[in-house]
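Q: Order-wise, the sequence lines are chains F and A.
The opening residue of the first sequence carries number 113 in the numbering used here; numbering runs sequentially from there.
The opening residue of the second sequence carries number 24 in the numbering used here; numbering runs sequentially from there.
Simulated from the structure, these hints should not be mistaken for lab results.
Please note that the accuracy of each hint is not assured.
[To be verified] Simulated crosslink set (SDA-like; lysine to any residue; CA at most 20 Å straight-line): (1) K153(F) / S103(A); (2) K166(F) / Y119(A); (3) K120(A) / H141(F); (4) K120(A) / P193(F); (5) K208(F) / G118(A); (6) K208(F) / Q26(A); (7) K127(F) / K120(A); (8) K208(F) / V68(A); (9) K120(A) / T226(F); (10) K80(A) / N215(F); (11) K120(A) / G128(F); (12) K156(F) / K80(A); (13) K156(F) / Q26(A); (14) K120(A) / E180(F); (15) K120(A) / M172(F); (16) K156(F) / N47(A); (17) K120(A) / P120(F); (18) K153(F) / K120(A); (19) K153(F) / K80(A); (20) K208(F) / S69(A); (21) K153(F) / G64(A); (22) K120(A) / D142(F).
[Unchecked claim] Pairwise CB distance ranges, derived in the manner of DEER restraints: (23) G128(F) / G39(A): 49 to 57 Å; (24) N174(F) / E77(A): 34 to 42 Å; (25) Q32(A) / L196(F): 38 to 46 Å; (26) N78(A) / E180(F): 18 to 26 Å; (27) R65(A) / L196(F): 35 to 43 Å; (28) T101(A) / E180(F): 42 to 50 Å; (29) Q192(F) / N25(A): 27 to 35 Å.
Ideal Cβ positions, reconstructed from N, Cα and C, are used throughout, including at glycine.
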Amino acid sequence: EAGVTQFPSHSVIEKGQTVTLRCDPISGHDNLYWYRRVMGKEIKFLLHFVKESKQDESGMPNNRFLAERTGGTYSTLKVQPAELEDSGVYFCASSKTGETFYNEQFFGPGTRLTVL
Amino acid sequence: KNQVEQSPQSLIILEGKNCTLQCNYTVSPFSNLRWYKQDTGRGPVSLTIMTFSENTKSNGRYTATLDADTKQSSLHITASQLSDSASYICVVSVGYKLSFGAGTTVTVRA
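Here chain F stands alone, though its shape is the one from the complex (with noise of 0.2 Å):
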């Protein structure tokens, strides 16, 4: 079985441009998170999803931040336009649907942001 997937797994941009970030979870798993880490941070929650709907978006740090997830598949994170703030690894994760308990959460091998 497939793992989650990011990409890109890395991606560095000039400061005002726009970049998309994407999650492919594991097949079948209708909850989907996005979680930032920041340099010497710990990582911290963005949103989740259960299939297309965002649940909680309470992470968002700004609406310069846009998840989006067609269909209830993939997700892609655009930020637009990005700030020296916005450096950082960016992880994807998902989940089963019934798994309210202990909800063990997947994550991708996330996408590492420079903006210069």
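Here the structure of chain F is known, so what remains is to put chain A in place on it, guided by the hints.
A: Relative to the frame of chain F, chain A by itself:
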């Protein structure tokens, strides 16, 4: 202030030796407490998951303990191997929402 604090920030041990990592949390109540291992360039991988009523959980050479009264958890690595070199992250969950510690970087040297 982060609700999940880990110590030490980093440590170096010799292959074959044991080590213990600490986690203090303030998240309450919580669904479960997890320890993840994160290799360089990879995403976190779950090692153990404990509910608030469990005191200990093992996964091979990894043993996690939980004291819900003092809000402390530890991860003990037995007979360390070079492949144990990684960041170990303590995570407390409330439902689907995870609160992460900053991690402890473990380096195992031959």
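Q: It remains to establish, for every hint, whether it holds in the given structure.
A: Structure-based check of each hint:
For a cut-off of 20 Å, the pair hint linking K153(F) to S103(A) is broken: about 26 Å separates their Cα positions. Between K166(F) and Y119(A), the direct Cα distance comes to roughly 13 Å. Compliance with the 20 Å bound is thereby established for this hinted pair. Straight-line distance between C-alpha atoms of K120(A) and H141(F) comes to about 16 Å, which keeps the hinted pair within the 20 Å bound. With a C-alpha separation of about 27 Å, the suggested pair K120(A) and P193(F) falls outside the 20 Å cut-off, and the hint is violated.
Pair hint K208(F) plus G118(A) holds up; C-alpha atoms about 13 Å apart against a cutoff of 20 Å. Restraint check for K208(F) and Q26(A): the C-alpha separation of about 26 Å exceeds 20 Å, so the hint is violated. A hinted pair counts as satisfied when its Cα atoms are at most 20 Å apart, and K127(F) with K120(A) does not qualify at roughly 31 Å. The suggested pairing of K208(F) with V68(A) holds, with an alpha-carbon distance near 16 Å, which does not exceed 20 Å.
For the suggested pair K120(A) and T226(F), the alpha carbons sit about 26 Å apart, so the restraint of at most 20 Å is broken. Our distance criterion of 20 Å between C-alpha atoms is met by K80(A) and N215(F), whose separation comes to about 17 Å. Distance hint between K120(A) and G128(F) is unfulfilled; the C-alpha atoms sit about 31 Å from each other, more than 20 Å. Taking the CA atoms of K156(F) and K80(A), the gap is about 25 Å. The hint is violated against a cut of 20 Å.
With a C-alpha separation of about 12 Å, the suggested pair K156(F) and Q26(A) falls inside the 20 Å cut-off, and the hint holds. With a CA separation close to 19 Å, the supplied pair K120(A) and E180(F) stays within the 20 Å bound. With a C-alpha separation of about 14 Å, the suggested pair K120(A) and M172(F) falls inside the 20 Å cut-off, and the hint holds. A distance of roughly 17 Å separates the Cα atoms of K156(F) and N47(A); the hinted pair therefore holds under the 20 Å criterion.
Distance restraint check for K120(A) and P120(F): the Cα-Cα separation of roughly 25 Å exceeds the 20 Å cut-off, and the hinted pair is therefore not satisfied. A C-alpha spacing of about 18 Å is found between K153(F) and K120(A), which places the hinted pair at or below 20 Å, so the restraint holds. Proposed proximity of K153(F) and K80(A) is contradicted: the alpha carbons are some 27 Å apart, above 20 Å. Simply put, K208(F) and S69(A) have alpha-carbon atoms about 15 Å apart, close enough for the 20 Å limit, and the pair holds.
At roughly 16 Å between alpha-carbon atoms, K153(F) and G64(A) fall within 20 Å of each other, so this suggested pair holds. Of the supplied pair hints, the one linking K120(A) and D142(F) holds, its CA atoms being roughly 15 Å apart against a limit of 20 Å. Under the hint 49 to 57 Å, the C-beta atoms of G128(F) and G39(A), about 52 Å apart, fit the expected range. A hinted range of 34 to 42 Å holds for the C-beta pair N174(F) and E77(A), which are about 39 Å apart.
For Q32(A) and L196(F), the hinted distance range of 38 to 46 Å is not satisfied, since their beta carbons lie about 25 Å from each other. The hinted window of 18 to 26 Å between N78(A) and E180(F) is violated, with their beta carbons roughly 43 Å apart. Take R65(A) and L196(F): their Cβ atoms lie about 26 Å apart, and the range 35 to 43 Å is violated. For the pair T101(A) and E180(F), the beta carbons lie near 45 Å from each other, so the given range of 42 to 50 Å is met.
In this structure, Q192(F) and N25(A) meet the distance hint of 27 to 35 Å, their C-beta atoms being roughly 29 Å apart.
Of the numbered hints given earlier, the model fails hints 1, 4, 6, 7, 9, 11, 12, 17, 19, 25, 26, 27; all others are met.
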